Structure formats: structure tokens, C-alpha cells
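Asker: One letter stands for each residue in the lines below.
Protein chains: 2
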Amino acid sequence: MGCINRGWEVVSRKISSCLIKKKGIENRDNSIAERWEILSGKNNWEGLLDPLDYDLRRYLIHYGQMPQAICDSFNNEKVSKYRGTSRYSKKNLFTRVGLDKNPYEITKYVYAASSKTEETKESNWIGFVAVATDEGKVALGRRDILIAWRGTKTKSEMNEDDKWSLVQPSKIFGENRDNILVHKGFYSVYTCLNEASNFNRTTSARDQRQVLEEIKRLLKQYSKEEISISVTGQSMGSSLGTLCAIDIVVNEINKEFPVTAFLFSSPRVGEANFKKAYRNLKNLHILRITNVPDPIPKLMERGQVEGCAITEWRAYEDVGFELVIDTTKSEYLKKDIFSHFLEVYLHGIAGTHGVEGEFKLEINRDIALVNKQGDFLKEEYGVPSAWWIEKNKGMVQQEDGSWILIDHET
Amino acid sequence: MGCINRGWEVVSRKISSCLIKKKGIENRDNSIAERWEILSGKNNWEGLLDPLDYDLRRYLIHYGQMPQAICDSFNNEKVSKYRGTSRYSKKNLFTRVGLDKNPYEITKYVYAASSKTEETKESNWIGFVAVATDEGKVALGRRDILIAWRGTKTKSEMNEDDKWSLVQPSKIFGENRDNILVHKGFYSVYTCLNEASNFNRTTSARDQRQVLEEIKRLLKQYSKEEISISVTGQSMGSSLGTLCAIDIVVNEINKEFPVTAFLFSSPRVGEANFKKAYRNLKNLHILRITNVPDPIPKLMERGQVEGCAITEWRAYEDVGFELVIDTTKSEYLKKDIFSHFLEVYLHGIAGTHGVEGEFKLEINRDIALVNKQGDFLKEEYGVPSAWWIEKNKGMVQQEDGSWILIDHET
Numbered sequence: 001m002g003c004i005n006r007g008w009e010v011v012s013r014k015i016s017s018c019l020i021k022k023k024g025i026e027n028r029d030n031s032i033a034e035r036w037e038i039l040s041g042k043n044n045w046e047g048l049l050d051p052l053d054y055d056l057r058r059y060l061i062h063y064g065q066m067p068q069a070i071c072d073s074f075n076n077e078k079v080s081k082y083r084g085t086s087r088y089s090k091k092n093l094f095t096r097v098g099l100d101k102n103p104y105e106i107t108k109y110v111y112a113a114s115s116k117t118e119e120t121k122e123s124n125w126i127g128f129v130a131v132a133t134d135e136g137k138v139a140l141g142r143r144d145i146l147i148a149w150r151g152t153k154t155k156s157e158m159n160e161d162d163k164w165s166l167v168q169p170s171k172i173f174g175e176n177r178d179n180i181l182v183h184k185g186f187y188s189v190y191t192c193l194n195e196a197s198n199f200n201r202t203t204s205a206r207d208q209r210q211v212l213e214e215i216k217r218l219l220k221q222y223s224k225e226e227i228s229i230s231v232t233g234q235s236m237g238s239s240l241g242t243l244c245a246i247d248i249v250v251n252e253i254n255k256e257f258p259v260t261a262f263l264f265s266s267p268r269v270g271e272a273n274f275k276k277a278y279r280n281l282k283n284l285h286i287l288r289i290t291n292v293p294d295p296i297p298k299l300m301e302r303g304q305v306e307g308c309a310i311t312e313w314r315a316y317e318d319v320g321f322e323l324v325i326d327t328t329k330s331e332y333l334k335k336d337i338f339s340h341f342l343e344v345y346l347h348g349i350a351g352t353h354g355v356e357g358e359f360k361l362e363i364n365r366d367i368a369l370v371n372k373q374g375d376f377l378k379e380e381y382g383v384p385s386a387w388w389i390e391k392n393k394g395m396v397q398q399e400d401g402s403w404i405l406i407d408h409e410t
Numbered sequence: 001m002g003c004i005n006r007g008w009e010v011v012s013r014k015i016s017s018c019l020i021k022k023k024g025i026e027n028r029d030n031s032i033a034e035r036w037e038i039l040s041g042k043n044n045w046e047g048l049l050d051p052l053d054y055d056l057r058r059y060l061i062h063y064g065q066m067p068q069a070i071c072d073s074f075n076n077e078k079v080s081k082y083r084g085t086s087r088y089s090k091k092n093l094f095t096r097v098g099l100d101k102n103p104y105e106i107t108k109y110v111y112a113a114s115s116k117t118e119e120t121k122e123s124n125w126i127g128f129v130a131v132a133t134d135e136g137k138v139a140l141g142r143r144d145i146l147i148a149w150r151g152t153k154t155k156s157e158m159n160e161d162d163k164w165s166l167v168q169p170s171k172i173f174g175e176n177r178d179n180i181l182v183h184k185g186f187y188s189v190y191t192c193l194n195e196a197s198n199f200n201r202t203t204s205a206r207d208q209r210q211v212l213e214e215i216k217r218l219l220k221q222y223s224k225e226e227i228s229i230s231v232t233g234q235s236m237g238s239s240l241g242t243l244c245a246i247d248i249v250v251n252e253i254n255k256e257f258p259v260t261a262f263l264f265s266s267p268r269v270g271e272a273n274f275k276k277a278y279r280n281l282k283n284l285h286i287l288r289i290t291n292v293p294d295p296i297p298k299l300m301e302r303g304q305v306e307g308c309a310i311t312e313w314r315a316y317e318d319v320g321f322e323l324v325i326d327t328t329k330s331e332y333l334k335k336d337i338f339s340h341f342l343e344v345y346l347h348g349i350a351g352t353h354g355v356e357g358e359f360k361l362e363i364n365r366d367i368a369l370v371n372k373q374g375d376f377l378k379e380e381y382g383v384p385s386a387w388w389i390e391k392n393k394g395m396v397q398q399e400d401g402s403w404i405l406i407d408h409e410t
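Chains as they are written, first to last, in the working numbering: chain A, 1 to 410; chain B, 1 to 410.
Looking at chain A on its own, in the form it has when it is part of the complex:
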């Protein structure tokens, strides 16, 4: 392609050229490596949220890119035999989604089952476990173990999202004498098996050979180093991340290493006893990022308790600290968009100056990214809508002229 419409691009995007743009997390001044403990919530983000600390912006975008990477790689092509898996291999994922400088190595892809019904005997790629590389450790200041969970992608997951009733999370809390209750659907995705599925016959997303086991393995491998465990997710993935982070601490998987969850556009997960249990946990810090026009974080108000002889309702409660952004203030975005998408959130984090302040990009995150999966950016910026797509959806011409679907990298 010889002719680049760079002029159009530069003029129309109107982004200040003095801002520095990089693919991954950048740490020229070593501030993230030095400040990681407070950025990860050691002081409960006191004084960092309003005004939003510059390093924390970078840090949140860094973690937010992880569930976005899963979203970008998820194969949802209905005629593909690889539907529900990653298009890209663990080794190549970050490069394929444009994150060349990522400081992690993915060690495990995680699959979650939908509860078994006639319609939804399936399991799908839901996230990954990764660990900081040696180079990444220098940038991040410690050996970070990362667990990332994506948002809803399939019909069967939507079905789970809609199960608002409250159940006992006994796999996390054991006997559960405090009568803790959580969202039935999220708990199911996190813990259930599905004998009919490809990936979750004998192991749920949570248990053996998946998340918890992999964290244990990595902790053992790097047992002599300073370690943190970071959990990140978006939408349904935030709810899974909440369960996962709490699970890790309740069951002392972390061995007193700090656990932090960065949760983007998170629905509520449990009720008052759940919140109380979270508050009693040590070494756990949760930060939810919530966008004012996004309806999902406030959607669940109360749920019916399952297994009660009489009908009983409980109110859902938020857990953790909250960073509120408001992307309706961004001059770059169209009006009345569905502000739940993760790229919209990351744009919001790059430019928020509090709910009262004006929107101004402090991190030069490319505004083109906002349109990857939607039609959110004003047309004057010259970026196609929903542009994130494989060439010919993975159809590749062969030597003999025929075309075949190649949409799975191993």
C-alpha cells in the first residue's frame, strides 16, 4: 500500500504531539517499579484517584489491556470448529493484538463451562494466567502473576449473566458459616464442570489444572522472589475476577503476597455478607473502575436466595474502592453510545479529570482503538467502525487458488 492518509489522520485526530505514545507499559523514569505497591492499593489508593495519579493511569491502562487482549483474540466465528477458543497462541497473543512490549509471558489459557442445559453444553476460552518475564519484572518492580478474565462473548454466557439469584459459594468459602451469597451465574461460570464440553469435563475455570493450580505452580517456581498477584477483568470478567481474587486470599493461595484486582465495568457479585467477608481479608485490594453512563455496574440491585423454603431477597453490594470516570465528557466520542466497552473505559482513564473536571487526554492512548469493536468515535477522526477483524475473517487462499479457513494458531 503506497499511499498513507497520514495527513488526514494527524489533522483530524487533533492529538497533541507532545504526548509520548508507546505500545506497552513504559517505565522510563522507573516510577512504576518504585511505586508498584501503592499503585496496587497498599494505601487503598489514598490521594491517587482524584486527581488521578499519572502513573496510576498508565498502570490501569496496562491492566485493562489484558482482558481487551482476550476479547481481541477470541474466536466467535459461528461456522469455525475453533469457535470459543483463542485465534492466537499463548506465545504470540500479545504481539498479534498489537502489544509488542508486554512484560508478561502467558503460561495458561483458562476455559470456563456454561452450566449444563440442553442449549448450552459448551465451554469457552475465558482468560489466562501469565507471569512477568525477567525484563517485565524490572519494569514492574516485582514478579507479577497476572490473571485476566474477559467479558461476555457467547449466548450461553449471557444466559449465565442473567442468573441473578443468590447461591452459597461453598467451593470458595467451604462450610460458609457466615451465610455468604453470590450471583448464581458468575459463580457457575467460575466453578462448574460440564461433561459435555471440550475443556471442562473434569476441571472448572477455578480449580485443578486451571487458575488456582497454575498460580500455585508459579508461586513455587518463583518462591525466592518478591511476588504480587494481579487480577483483572471486564464486565462478567470483573465478576469472575472478584470471585477469583477473594478465592485466592480466602484459601491462602497467595501465602501473604499481596493480591490486587483491577475490575473494569464490574456488575455486582454478592450481598452484604460477601462484602463483609471481603473486608476482613488481608493482603487483598480491589479497585473497580466505573463509567458514569455505563448501566451494567448498577444493574443488579437484589437477588432471590436459592434453596430457601420461603422467598427471600437480598440486596447486592459493591466491593472494593471505586474510580469513577465519565466518558460523556470526551470530545472524541459520539453521543449516546453503549459506554460499557473496555476500549471506551481505557480511553476514559487516559483522559478523565474527575466527574466534575473536563476531559483531556493525559495519556496519548490512540483514540482509534475506541472503534475496534464498535462505532463510538466521531466520524471526523476518519477511523472505520468495528475495525478489529482478521483479513478475510481467516479465509486464506491456497496454491491451487482455493480458499480455506485458518483461524487457530497452536
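No lab work stands behind these hints, which were simulated from the structure alone. Among the clues, some could well be false.
According to the in silico footprint, chain B covers these stretches of chain A (three or more CB under 8 Å from chain B) [claimed, not checked]:
| hint | segment |
| --- | --- |
| 1 | 68-82 |
| 2 | 135-142 |
| 3 | 359-371 |
| 4 | 389-395 |
Values in this document were obtained by computation on a predicted structure and should not be read as measured data. Ideal Cβ placement from N, Cα and C applies to all residues, glycine included.
Following the hints, put chain B in place on chain A, whose structure we already have.
Answerer: This is chain B only, laid out in the frame that chain A set:
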């Protein structure tokens, strides 16, 4: 991409492996080079249409691929500054659309204006003029000059399609003593200027510096060789092709070289006097290919005559010979699809055995191509719908991590 789902592909497509598949026109046995005159209608396709001659199948697919190539390269991205042009250069077009072995060199891209209204001050890439390369001349048996016209792509063109009234085509027929009348919209696209447009300020698709001039130039360049002129088009492009082929012969541009038009899914273009005029022309052969379930070829029944003091209507008439196919007989296609798309036609030509006969592929044209711009193939064949698309719609990541739209090759 390591893992190819070839097994799935081969099993599910169920195509006989004994058929030979090639990218372009193939001429192992020299039969096209030897038979091109009769394939181009010298004997009015007598004895070739039912049953459909094997070489004529290949020949029609060869010509049908030309307007399809324009369709595949047309940039219709609404936020692009290159909307309405070709994504690919003249030099690279055939390779980019998967036709490596094409026997032509494109010498001219042709642009057509929409008639000037407040809404539609635009002109768009509508086709090309090409000429057989030296190698192509061997395969085709003569120096073929090719003019290809695409089908409707833009709103302004739809607006022209809907102008069913009948006008005097004086630019083609001069004084027009026979009171010949043609479809107002098609004639307008073929001949009109638009001062507000980028490409048609001083030249219409038809005239100077575009189609007719380019044909004259090529005839002069190859004046000592055996030459044919082939016109091909689909839908609106068939109507433009009809006007163009007749124009070339009426105005003796062809200097007695044979002119043949292969027109796929053509709407009607003119009335009885137009048909009569066509019948009186020498060295002109028109073959229309019509698919039984396609409503477009039969859409126009009559039009009101423009410029009459009293209201006068005339009936539209078909011109040329007709090959009728029926893709409802294909076991590969879904039911009740919009059978007007060119790839559906080319599939039909590959497998037709007459309106009464069963459908069976004689040419192994890859059935995956049927789904390039639509959702027509049964899902069991494992081919995504509407799969013909640029990677990331032309968004390309730069060294600094940002993304820009690169969607025009010069």
C-alpha cells in the same frame, strides 16, 4: 497460523477431488485460444448453451471474474477519504483479489458521475479497460481488449438505478431518427459530467480520456494484430456494458473487430427501437446470463418517456441471447437467498445443467467464494459469511504503536 482445518474443509465441502482447480483461466488443451470466436458468439452461441459447453463455462467465469474483481477492490468505507476508489492499484488489482494468473493488464480505471443533485455530488470508480498481455494473448487466441463494469455500490447509484423513465441516448445515436429510448439512470451514469466531483468534471465514463478514448488508443497500439473487444458487467454494470458495447459498434470504434458483451444479471436497458437498433448492428454479440430466482433482470417492465407533452409509456425489452441458470438447484446454497450476487451467478455457471437438469459442478470453482459478500453457503461447509474484508479494515499499526487507515494503493 499453525493449524489448518483442512480436514473439516475437505470433508464438509464434499467436492470431488478429481476436478481441476486453477486461479485464472486455464488453457491446457488450447481449446479457448482455438475456439474463442464461437465462444464469443460468432455463431450466436448456437449449440453451446444447452447443454452448456465446457469451454463456454470457463469462458463465462473468466469474464464474470472481472466485474467481481472491481467489487472486491471497491473502497466503500464511509470515513475514508478514498471512498469510491479502488483499494488496489491497476498493476496489483488481479493479484490482490486472488486472480494471479489473469491474462490482462489494466490500462485505465474508469470513473462515473452520479447526476448532480444536492445529495449526490459524487463520482466513483466504476470499471476498467484492460488488454491481453502477450502471454494472455496466447491463452485467449487473440489480443482481447476488455471493458469491465461493476454493479451498484453507492446510494447515489441506487438513486440512478431507480430512474426508470426513458430518454434519448443522443450521445450514442446522434440525431437518433429512430426515436430510440433508454433508461434515464443508466444513460446518465454512462454519459454525465459532474462539475462538483473529483473525477468527472470534464469527462464522463463514456467519453474522452475514459472508455472510448482508451479503446481507440489500444486499437492503435495493436493495430497489426487480431483484436477482439469484450465487455462485461454485472447488474447496473451490465446495463452500462450494454450501452457501451452498442456505443462502440454504432460509432465504429471497433473498426469491424468483433465486440462481445457478457452481461450478468442485467436489468433491461431500452425499449423496442433500442432492441431493433441492436439487431441491425454487425460484429456485435450480446449474451445475458440470468438466474431464475434473481428478480432484477425482470424488474423493469415499462418506463415513461421524458420530454413528451402527453404522458407516454413504452415497454422495456431484453436484448441479446440469454443463458438461463437456476441456483435454487444448488445443494450448496441456503434457501431463499438474494440470488443477484455475481459470485452466486459464477457458482451457477459452474454447475448448471439447464433449467430442467440437476445441478452438478462441472468446473471446480471454489464454493467458498459464494460467501465473499454474503451469507449464502450452507453452514455445514464451514465458510464464514461476508468474509471478503481487509485486515482491520485497513487500519495498520505504526512503529509508535498508533493505528492509521491505509486503504489506498497508488
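Asker: Take the hints in turn and mark each one as holding or not.
Answerer: Hints, one by one, checked against the model:
{"no.": "1", "hint": "68-82", "verdict": "holds (count 6)"}
{"no.": "2", "hint": "135-142", "verdict": "violated (count 0)"}
{"no.": "3", "hint": "359-371", "verdict": "holds (count 3)"}
{"no.": "4", "hint": "389-395", "verdict": "holds (count 7)"}
Comparing the model with each earlier hint shows a violation of hint 2 alone; every other hint is respected.
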